[in-house]
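Enquirer: One letter stands for each residue in the lines below.
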Amino acid sequence: MTPRPSPEAPMASVESPDPRWKSRFWGHTQGAEALREKPTFRVLEQACPGAVTAAEDRSGDLSLTVRAADLLKVARTLRDHPDLRYDMLLDVCGLDRSALPEGDGGERFHAVYHLYSMPRGKRVRLHVPLATEHPEVDSLTSLWASANWAEREAFDMYGFRFRGHPDLRRILCHEEFVGHPLRKDYPPDRRHMLSRTYSSFPGLPADSPEGQRISVVEGDVEKVYINLGPSHPATHGTFRIQARLDGEVIEESRTEVGYLHRCFEKMCEAHQFTQIFPFTDRLNYLSAFNNNVGYAMTVEKLLGLELPERAIAIRVILMEFSRIMDHMVTIGTNLVDMGALTNFWYAYLPREEIYTLIEACCGARLTVSYGRIGGVSQDVPENFIALANGVLERLPEFVDYIDALITKNMIFQKRTRDVGVLPRDRALSYAWTGPVLRATGVQFDLRRAHPYYGYETYDFEIPVRTNGDVYDRYVIRMQEIRESMKIIRQAIERFPGGAHIVDDWTVALPPKNEVYTNIEALMAHFKFVMHGPKVPAGEVYSYTESPVGELGFYLVADGGPKPYRLHCRAPGFYIFSAIDENLKGAMISDFAANLGSLAIVAGELDR
Amino acid sequence: MSSQATETHRETEARRQTEAPQGSSPTVQERYRIVEGGPAAAPTGTHTGHLPNDIPDWERPSVWATMKGLVVTTTNFMKNLFPQNRWQKPTINYPEERRAYSPRFRGIHQLTKRPDGSLKCVACFMCATICPAECIVIEAAEFPDKRVEKYPVRFDIDMLRCVMCGLCVDACPEEAIIMTGDYEMAAFSRAETVYPISLLADRPQLASTPPGYRPRYTPGPDLVR
Amino acid sequence: MSEATAKPMVELTIDGKKATVPDGTNVLEAAKSVGIRVPNFCYHADLTWEGSCRMCLVSIEGRPKLAPSCCEPVKAGMVVHVGSPEAETARRAQLEFILLNHPLDCPICDQAGECKLQDYYVEHGRYESRMPRGLKVHKKKVVDLGERIVLDKERCVLCSRCVRFCREVSGSHALQFFTRGVTTEIGTENDGPITGDDYIGNVVDICPVGALTAKDFRFRQRVWFLKSAESVCGHCSTGCNIRVDSKDGTVYRFVPRRNPEVNKSWICDAGRDSYKLLQGPGRLAGPRLRRAGTHVPASWEEALDAAQAAIAHGKKAGANGIAAIASPDVSTEALYVFRAFARDVLGTSLVDYRVDGSHEKTTVMADKILRHADPHANNTACAWLGLGQASVNDILDACEKEQVKTLYVLRAEFLRGHPEPERVRRALSRVEHVIAHATHDIPELTLASVVFPDATYLEMDGTFVNYQGRVQRFARAYPPVAEAWPATGVMAQLAKRLGGAVPAGTADKLFDEMSAAEPAFGGLRWKDLGLLGAQPKSAQTVGAEER
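In order, the protein sequences belong to chains A, B and C. Each residue of the first sequence is one higher than the last, beginning at 409 in the working numbering. Each residue of the second sequence is one higher than the last, beginning at 42 in the working numbering. Each residue of the third sequence is one higher than the last, beginning at 246 in the working numbering.
Hint data in this document are derived by calculation from the structure and do not stem from the laboratory. We put the beta carbon where it would ideally sit given N, CA and C, even for glycine. Hints should not be assumed to be uniformly reliable.
Coverage of chain C stretches by chain A, computed from C-beta distances (three or more under 8 Å per stretch; other residues unrestricted) [to be verified]:
1. 343 to 350
2. 358 to 372
3. 375 to 387
Produce the complete structure using the sequences and hints provided.
Expert: Structure below.
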């Protein structure tokens, strides 16, 4: 008879006639015929016959299952074939399928790759099943520089071996860590005693004895090793760059991150969809609301949820305000690193006022937790437009101050022009996105290329510069601040009425006046809190243009109240992975200028 | 094609340096544009920053920029000295002066009361369930009054764990937990940071702080704090 | 099962799926067999059909009206639509009707989280409320019905499950309907306490809403925090299937799990309360040693050293130098390891489990419903494994004559059951070394020189063999408390130290090994046991006669 004999099983899964609530594991699936017409599939069939074992359209993303043995060939075809040109490897992550309810008998581990073709504007996801006992696959570091750190993360979290990876070490966890934390059989509460420190350069002592320095003598030159960080005035957050100096020139540097790793992804697997909002606040905490929205959008995409117009408008306005704040901080701290303190105050003052605006909406300043699935937690206050206008009115004044102080300042130009240059093809290879990519001559912005929330209807420019140096990054951010103000003005003009959150009690809490007065809403409220929002099973990747770059969330849901897997594609992680290449041959003083211009936030970098 | 690429530095100067050139962005259909003119490869060997060649000689001495900067700072100094509004005097003399926080401010929690002075909380555990930091500990018991039936004998919030996200307030079906404008929670020991019912419902600071984040749908008589 | 297979099979179509079920089944069960759950309040698989709640209405082709699927026997060729718009509309209307006077009690109701009203509203209802709070009809709340049950008349949906239970299963007729119309309510006569019904706890489990709540569980924990483990009650030889609901190592309740072959959906109140006996106070926290007449806490290392020395001492004293007694309270796997341990490591044939005479009462019913007179879960397994090599009286005699130098006792609590406790005390006090596994601290333990804290069956995986010879699996609900360690592991350690070997490994491995070696288990495999257990072929006839 039935496997679970209790007739009183809690949460009886009654099939609902409403097709929206039917459980679909991998999201909407398009017919196989339509997929065969897609060029990606066609070309791969020809170039690597038999390599693609399955192709599906999952919630609008093309998803190919590729045999592990053929991955390198498939990836090379995807990158180099003139019809495909997937020139960016956006993301690599792992997936442990052992706890999925479907139990289809496939391999336990999947390596999941997200590729983007900028010329074609297409995305593709590769699922590569790996052998359960020895998950091993060819490294893609020979094709894309971004694979380096990304594969190290997959190795760290899942224990995947990437053949041919030049430096396959743990990246977010400590060297002494035992096990692979994102595997489903790793208990979240296991603790490790981590005591030793290591040198990034093999064979060197980790710490220098008091008053001495670590150095090697080559010929008549003494090469000194220095540590920048983990705790250093010029490192924003904690990370460590160990560099070998020839005089004042950085010959080689090695970067260690992960000091602020807080198991964001493991925590998400242990909490309900709603509970994750406070965690996303702490990714890039300079623009917490953007993370809220990026995550909410992912779940909404899986749900196929349409948001009320007012919720969208609130999101757009506050996201652009957050972008301004983020750029203000980036510029301010970048300049502080170079010794220019005054403008820091000019950057922080309007930021305070924007915080006051956000606080008026949600009650918190930095970690806002304002986003919710289907909208925002509560409607904006009545004086919201007046407050926003007040901020907008004064903001340009402060941008002008910075402009006057800095932009044409010869000392600043000398420190930043031609510093930290990364040419365009390397930037794309490192999967750079956002302002730092636009500084290399790629006029690309997700808000324009793949518009969401009606960004196509707003009139704004996408700044671009060509030199790819620290100065250009600074100018781009200043320009984006002005463009964001333009967007906000337009959004305020057309600010609509209506609801701030969807009226669907299975994904959002019922309104309080209903909860207090009728049993139906009270029960829906309880079901929501106890068993979480009803999110169908499926797989989805969603992306937004955060102030740093493409903030992507890859979500696998199993129909339960918690995400089965939530991976955050942190833009800063990929940008920062280029730092060693970027610093080679630079002066030690250029390090500080370069670092700040990359807009690194450790909360997002280490997750 | 963007005009940016072929522009000289002096032409760029003519406009504001940090205003994006109008009408140069790709359309939605184009998605993106590549603007040529950047370096073909990363610099090799020892390198550092330098000024471009097209900056005129008279601009080169940094004294001009310094003077311009001094004008800005002096202007601001005078504004700060004789402030006309908050933007011109952003600092306050805390703790004598205090900021006015938003009426939705998410400060330390408060357990509200019924008009008769008993706690509104019926120990339904909704807040403890939704709390992402797992910082709420409740123990329920039978209440003598049969109309109430259940009440918390213990309701602790570990303020060191709390992330002030306000989800507990969202989840409360009784308007029993709200947040206040109270944000000063420094303590001398770890034990003091766990707030029991006595602190959550009756701490002396509540008298002087406004209520913060709370549901907006109070039916009937206004909130009894 | 045999009953079911005897009936002819009927084929019908439910929501486009073909279902083949025995004749006499109702449409609701037929739908369940193809994975379609029809919402219902009043229907219960182990009670008579009632059809009062009208939540399970379905469309049947060729019928002008909707039919309650719980009272509709299947007919060949029937075409049923569970998800038809008419049925959904009727269900929604019925739910609204049921909820008209339902109080806003979720915050204080223990049922929240496993309440069918909540589930069905989110899945089927989703209508807008039309009933203002002020118009609701109120009934009596918090009616104290004796020592186990609290009744809330407002929350009741009048499904009559409890009324039928008291009539058909427990026979107490304690709960009844009173008055009519909107004021209809269930209750006892004059709302007096329920007495003399040893199964009344079941009405709380079958109540689909929060009208009947258990005093024992009331307000102690919220159900959605509880972790469930499929287990078997160890309180008597019936072996009722249960679900153990625990949180952070504390059990909050036993709930019966349906097994048509053993306990249907019921459990007796004594078994329901037995979780209290299995945990503190009095649980042993760590090993103990007797030093200079008093007990001192020791480390596992010290305790194992002492036990090793004691066994070596006993061995030197000759064939009768060591005796071993096992309790029918431990898992079959522990008994199997114990047998090998006694034979190969202790090298004694003075082995028995028949201390309190319960082995003769295994199949004797203690009441007319479920309970048996044998208070131990695993006497049948002891018999199957042939643990009664010597008689317990011979062992006690040998102890009294001081022939036995070392006595190994698996679960010392069991010795208290002996009809002559004085004799046991005397015998034990004359043995030089008593090595005892125990879960709880009892006065008799002072006679032991080494005490190992044992894990209860809630803290490990294993099997019990009930009176029918049905092998039933229980799963670990939480890890052993403090320093407790399952006896299988301890005996394996001791064997290793003494240069011998006993079977070792996880419960599934031990069981498969034992089943392959012991004909009584009929070659059953661990994975065959499933959640409902299995009977070896040889034992099936025994079980059938008993029933």
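Enquirer: Run through the hints listed earlier and report the numbers of any the structure violates, in increasing order.
Expert: Failing hints: none at all.
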